[in-house]
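**Q** Chains as they are written, first to last, in the working numbering: chain A, 2 to 348; chain B, 2 to 348.
Do not take every clue at face value.
One copy or any two copies: either way a pair holds, since identical chains are not told apart in the list.
Calculated lysine-lysine pairs in the BS3-like style (CA-CA distance at most 30 angstroms, straight line) [what the hints assert, rightly or not]:
1) 297 x 82
2) 75 x 205
3) 118 x 341
4) 53 x 205
5) 198 x 75
6) 199 x 297
7) 118 x 198
8) 75 x 199
9) 198 x 82
10) 282 x 341
11) 282 x 205
12) 60 x 122
13) 198 x 280
14) 297 x 60
For the record, the hints were derived by calculation from the structure and aren't laboratory data.
The lines below spell out each chain.
Number of protein chains: 2
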Amino acid sequence: MGATVTIALDAMGGDYGPSVIMPAVAIAAERHPDARFIVVGDAAQIEPELAKFPVLAAKVELIHTDVAVAMDAKPSQALRKGRWRSSMWLALDAVREGRAGAAVSAGNTGALMAMAKFCLKTIEGIDRPAIAGIWPTIESECIVLDVGANVGADSRQLVEFALMGAAMARALFGIERPSVGLLNIGVEEVKGVDEIKKAAAVLKAAPLPIRYHGFVEGDDIGRGTVDVVVTDGFTGNIALKTAEGTAQQIGEYLRAAMGRTLLARLGAILARGAFRALKEKMDPRQLNGGIFIGLKGIVVKSHGGTDATGFASAIDTAYDMASSGVVTRLTNDVTYFHAKLELEGAA
Amino acid sequence: MGATVTIALDAMGGDYGPSVIMPAVAIAAERHPDARFIVVGDAAQIEPELAKFPVLAAKVELIHTDVAVAMDAKPSQALRKGRWRSSMWLALDAVREGRAGAAVSAGNTGALMAMAKFCLKTIEGIDRPAIAGIWPTIESECIVLDVGANVGADSRQLVEFALMGAAMARALFGIERPSVGLLNIGVEEVKGVDEIKKAAAVLKAAPLPIRYHGFVEGDDIGRGTVDVVVTDGFTGNIALKTAEGTAQQIGEYLRAAMGRTLLARLGAILARGAFRALKEKMDPRQLNGGIFIGLKGIVVKSHGGTDATGFASAIDTAYDMASSGVVTRLTNDVTYFHAKLELEGAA
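Build out the structure end to end from the sequences listed, making use of the hints.
**A** In structure tokens, the structure reads:
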């Protein structure tokens, strides 16, 4: 990349605050030597943690505030109390002012989205930002959105999600024309999915920088059928959690099966390395981070209960997104798309 | 059980017809010595398959018809061409007339549901039948409905799904007051899930033969948090397919990991028995069959592409449901519930 990439961090978010976040910054700093960090939060809590990693001294700018958004704060409450001065707000504000290329917080999702919308604003032409998840597949990875920002989506929003996901696939996977599928169910003549059908018609006809694949079903996500899976936030969130639950469940089955007989236990010892690789592959911390997309800046939401490894992986995602120019590209795509639609009178 | 249980089978449904279905009947006949079977379809195709299992001679009544519903028939088309005379219709009709306790078909889902509604009719007081799936959990099994009959559901339908699922849990798992959860997403202050919230209020307050647990998320399904998970058919279908896809995906990872090194391969050989047990546990054929619930009779839809093991498991489910009196119990529960609601003026 050459140029420096700066990431702003809300050090007070998540279940553990600076004690998890500063070690995560140390991991990320080692992985990305050109990265710099703006760390926002209570200096009295951050400084002792920061002191444990002397290598960070030259790379971290500390911004003190003693206001933090509570993990159980409602979005409206968080906005009222935390605007202008909380660690969450100040991290976002660094992105707004261009001092940072992305912000990362492990705070409350609803509060973070409300504040991000207020601080960064939505890209012109985009109706609602979405939360995108990076989903491991048999092949590699795909992007699924929305995984929880909004319940329901009309056809226009679904098309915008497709553009947003495609911009991310370009930024993160380096695919110039990503394949995009609309999540649907495989039953003929079903009613009530008119919005999805309408979105399909637009995606099929419009001159977009994507390859529209058609409808995909739930099992296509993990199969890696497409680079981008588009759905509304309710369905996407249920799918994501269901997949996480299934992975845990199979992990339990596997553990139980491998402990049942002496031979199985012996086999498990011999295959230890393979099991470790499998465990790493299935580790949800490897792909930690919901990416807020559609705003005039990049925000990554880390799981609140994650450890330093998980938070470092959220910083990785923020770094990749920040160094890819995804916001500019997405803004151009959206402008072009809406201009085309207007020209064709189809809007 | 004592009394005989008769199962009606559409021998022409599915991708392979009688060549898969007759061996499945032989498996089921061995498992359930008191079971009898009405097999409907083209006698010229069925008789040679039937001849391979002499033990079935005394247990199978063959009803000939040369009309079969095509696997790709649209529901309206299937009804028009297949009513009164197709193998699918005649199997359902045996249930309607009380000659069979349940019908099983591997035919087209939409056609089967349309025909089942027309032939068997919906139970009085139930708005729409649902398709229920039996879902393996870490603990044991749970019932998820709707997994695909209808897109969207209002609060009344969700409450009816809860009653329907509870009746099934009673029949299949022997739990007198099953726990019931409403599938939802864990984000605070979300909009658009009013129907789910309204259903929650009714389930909390109404004197129903269930233990209402509250909201559950996607990862609670496989965890076995509740006996019955209630959702609309779109979300339920996406969740089911996503879980199936995730299980396949992890199976792939496991295979790849176990083949990577010599030690891992050796370990896998020693743990062969454990892997076999795991494979069986994860075998989707073990729990094959979507159960149509809410009709005045029991219908089980088998996967179209399954083999004899899978179809036999669908017959198992039909047998368990038929011998449990679930339709009578559900009819009473629904009548009682609606009478209560009317008394309270809450309907």
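**Q** For this structure, which hints from the list above don't hold up?
**A** The structure conflicts with hints 4, 10, 11, 13, although it agrees with all the remaining ones.
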